[in-house]
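> Each chain is listed here by its residues.
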Amino acid sequence: MTAMHPETISVERAPVQRSRGHAANVLRRLLRNPVAMIAATVILLLILMAVFAPWLMPQDPFATSMLKRLKPIGTEGLPLGSDELGRDLLSRLILGARLSLFMGIAPVIIAFVIGSAIGIFAGYVGGWANSLIMRCIDVLYAFPSVLLAIALSGALGAGIVNALVSLTVVFIPQIARIAESVTTGVRRSDYVDAARASGASALLIVRRHVLGNVIGPIFVYATGLISVSMILASGLSFLGLGVKPPEPEWGLMLNTLRTAIYTQPWVAALPGVMIFITSVSFNMLADGLRSAMEVKQ
Amino acid sequence: MSDPMIRLRELYVEFNPPGKRIQAVNGVDLTVDRGEVVALIGESGSGKSVTLRAMMRLHPEKTTRYSGALEVAGQDVLGMGGGALSQLRGKRVAMIFQEPLLALDPVYTLGEQIVEAIRRHEPLGRAEARARALQLFERVRIPSPERRLDAYPHEMSGGMRQRAMIALALACNPQVLLADEPTTALDATVQIQILLLLRDLQRELGLSIVFVTHDIGAAAEVADRMAVMYAGRIVEEGPASELLTRPRHPYTRALLGSRDEGALRKGRRLDTIGGAPPDLARLPAGCAFAARCAFADDACRAAVPERRELGARHAAACRRLDELPALLAVRADEALPS
Numbered sequence: 000m001t002a003m004h005p006e007t008i009s010v011e012r013a014p015v016q017r018s019r020g021h022a023a024n025v026l027r028r029l030l031r032n033p034v035a036m037i038a039a040t041v042i043l044l045l046i047l048m049a050v051f052a053p054w055l056m057p058q059d060p061f062a063t064s065m066l067k068r069l070k071p072i073g074t075e076g077l078p079l080g081s082d083e084l085g086r087d088l089l090s091r092l093i094l095g096a097r098l099s100l101f102m103g104i105a106p107v108i109i110a111f112v113i114g115s116a117i118g119i120f121a122g123y124v125g126g127w128a129n130s131l132i133m134r135c136i137d138v139l140y141a142f143p144s145v146l147l148a149i150a151l152s153g154a155l156g157a158g159i160v161n162a163l164v165s166l167t168v169v170f171i172p173q174i175a176r177i178a179e180s181v182t183t184g185v186r187r188s189d190y191v192d193a194a195r196a197s198g199a200s201a202l203l204i205v206r207r208h209v210l211g212n213v214i215g216p217i218f219v220y221a222t223g224l225i226s227v228s229m230i231l232a233s234g235l236s237f238l239g240l241g242v243k244p245p246e247p248e249w250g251l252m253l254n255t256l257r258t259a260i261y262t263q264p265w266v267a268a269l270p271g272v273m274i275f276i277t278s279v280s281f282n283m284l285a286d287g288l289r290s291a292m293e294v295k296q
Numbered sequence: 000m001s002d003p004m005i006r007l008r009e010l011y012v013e014f015n016p017p018g019k020r021i022q023a024v025n026g027v028d029l030t031v032d033r034g035e036v037v038a039l040i041g042e043s044g045s046g047k048s049v050t051l052r053a054m055m056r057l058h059p060e061k062t063t064r065y066s067g068a069l070e071v072a073g074q075d076v077l078g079m080g081g082g083a084l085s086q087l088r089g090k091r092v093a094m095i096f097q098e099p100l101l102a103l104d105p106v107y108t109l110g111e112q113i114v115e116a117i118r119r120h121e122p123l124g125r126a127e128a129r130a131r132a133l134q135l136f137e138r139v140r141i142p143s144p145e146r147r148l149d150a151y152p153h154e155m156s157g158g159m160r161q162r163a164m165i166a167l168a169l170a171c172n173p174q175v176l177l178a179d180e181p182t183t184a185l186d187a188t189v190q191i192q193i194l195l196l197l198r199d200l201q202r203e204l205g206l207s208i209v210f211v212t213h214d215i216g217a218a219a220e221v222a223d224r225m226a227v228m229y230a231g232r233i234v235e236e237g238p239a240s241e242l243l244t245r246p247r248h249p250y251t252r253a254l255l256g257s258r259d260e261g262a263l264r265k266g267r268r269l270d271t272i273g274g275a276p277p278d279l280a281r282l283p284a285g286c287a288f289a290a291r292c293a294f295a296d297d298a299c300r301a302a303v304p305e306r307r308e309l310g311a312r313h314a315a316a317c318r319r320l321d322e323l324p325a326l327l328a329v330r331a332d333e334a335l336p337s
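As you go down the protein sequences, you meet chains A and B in turn.
For the first sequence, numbering that gives the first Met the number 0 gives the first residue as 0, with consecutive numbering after it.
For the second sequence, numbering that gives the first Met the number 0 gives the first residue as 0, with consecutive numbering after it.
Please keep in mind that the hints were generated in silico from the structure rather than gathered at the bench.
Cβ coordinates follow ideal geometry from the N, Cα and C atoms, glycine included.
Relax, there's no trap hidden among the hints.
The calculated label-pair distances, taken between Cβ atoms and stated as ranges, are:
id : chain 1 : residue 1 : chain 2 : residue 2 : range
1  : B       : S257      : A       : W127      : 43 to 51 Å
2  : B       : A187      : A       : W127      : 42 to 50 Å
3  : B       : A301      : A       : W127      : 39 to 47 Å
4  : B       : L123      : A       : W54       : 51 to 59 Å
5  : A       : R31       : B       : K61       : 41 to 49 Å
Given the sequences, and given the hints that come with them, work out the whole structure.
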C-alpha cells in the first residue's frame, strides 16, 4: 500500500472527478424545479433581448413622429403602440431592457462583493470590531431604501453612474447584515470548532468552511434584491435622477407615459408590465435557488 | 510506570466574558498513559468537556485563562505558539464531537473533508489522500466505502456519520483521541457499536483516548480508568472496575446509586442526588459537593479537601473518607423499619 504505482493512482483518481461538487448538486435540484426554470428562461430571454436589441428592434426607437403619437396596441406598423412622441414602443421596450437590466443587476453584484466582504469579516472577527462595523452599517440601514437612494442620487446628481453608486450604497448594508448574521452562526458551529481541532488556520477556516457555507444564503438574498434594484432604478429614472431622456429605460418610459394614462392606458402600462415580469422572474429564481441550496440537516 | 501521553498538573481554566468570572476547571491533576483509555464522567457543568477541550487549547483565546501545567506528548500546550498548536491539533491529538451532523461541514462530501484534513498535515497528492481516506473508511467499517466518500453528511445515518467523524479524526494517525460525548446523540444499539469500534481502534493503533461522558455504562464499556468530576475538580479517580465496584467518594457513591439499574425493582424509587451543582461563578470555599452531601460537616465547608491516594492508582478527595463506612452503616440502620 505504501508503494503506489502510477496505474493505481489513475484508477483512484477517477472517482475524484466523478464526485459532484456542491454547486453541481444545487444546479441539479434547480433544474428539477419547474417554476424556477420558467423564471430562468424568462430572464435568459430578457438578457438575450437586451444583448441583441439592435437586431431585434423593428424600428428606430429614437425616431419621433407627430402623426403617430399615442397609437393603441395593434396599430399597423406599431404592434405595441407608440409613446407621446410617436416613437415605436416595441423598439423602445426592447432597447430599454439593456439599461433596466443593467441597473437591476450591476448594483447588486457590486454590493454583493463589498457587502459580503464586510459582513464576513465582521462576523468572523466578532467582538468590538464587529460592533463598530455593524453599527456603522446600521446607520445606513436605518434609512428606508427608497429614501436613501433618492437622497444619494439627488446629492450626486442625475446620471447612470451616480444612480448606480447610490443603489450600491443602498444594498451594501442589507447584504452585509445578512452576511454578518450567517457568518456569526457558522463561526459558532461545531464544524468550525472541528476544523480548528484538526489544525486548520483561521484563513483556511474562513476560505473553506465559512465562505462555503455563507455564500449560498447571501447569493440567494442578493438574487432577490435584483428586482428591488430594478424597481428602485426605475423609480430614480421616474424622478429624473437616473437615466436621462431620450435613452429608453422602463422606469423613465413609465414616467413620460403617465400623462397618457387616460388616453392609452394599455400602452402606458407596458413598461410597468416589463418591470413586473422581470422582477417577478428574479424573485422566483431566488426562491428556487433558496430551496435548491437548502442544506438538509 | 509507562510514559504519560497527557499530563495535567493543577490545571485551572477560567472564562472571563465581560463582567463575569467563571471558574470552570479548578485544579485538575490527570495523567493518561500511552494506549490508555480514560473516561471523564460527571454531570453537566462539572467541567469535563472544558477539561477535554483545554487539552487542545480550543477555548476562545481572548476570554479564557489557563494556569497550571498541561503537557501532551511531552509538549507544553499552554506555552505553544500558533504554528506549533496547528501542528499538534489533528496531527498528534484529534477530537471527535458529540453530534457528527453538526461537526461535519454540510457543504462538502465526507471524502473532501478527510482529504483536506490529510493534506493539511502531510504532503500528499489528492489521489493518494483519497486512497488513504478510503482505507480509513474501511477501517471504521463503513459499508461500500467508495460510494460513501462521495456522500454529504446529511445523506448518512447517525451511526455512519459518527464512524466518518472517527475516520476524519484518525486521518493523520494521531496518538491521542479526545472524544466529547461520542455516543450521546446516538441510538442505544448504535452506541454500543461505536464504543466497540473505538475500543478496537484503540487496541489496533495504540491510541490514548480521553472521553467525556455522563453515561457510566458507556464509560464502563471502554475505559481502563475513570475520573469523576464535580465543579471543575476530580473528586475520585481510579481503575474502572475498582471505581465501579468500590466507590469511595460520597459523590461517586451517589452517582452510581442514581443509575437506573438501582431502581429496576418495582416499587423502588430511583435514588437521586438532591440539589444542584454549585454556580461556577461563585464557588463555595470548601468542598464543592458539601451542600449536597449527606455527610458534610463544618470542616468540609471550610476547606477544599486534599486528594488522597488509596493505593492501586485509586485516589479520592474527601475529608471524611475513613469515617464514611461507619456513617453509611448508621444510615442504613436508621432506614430500617423499627
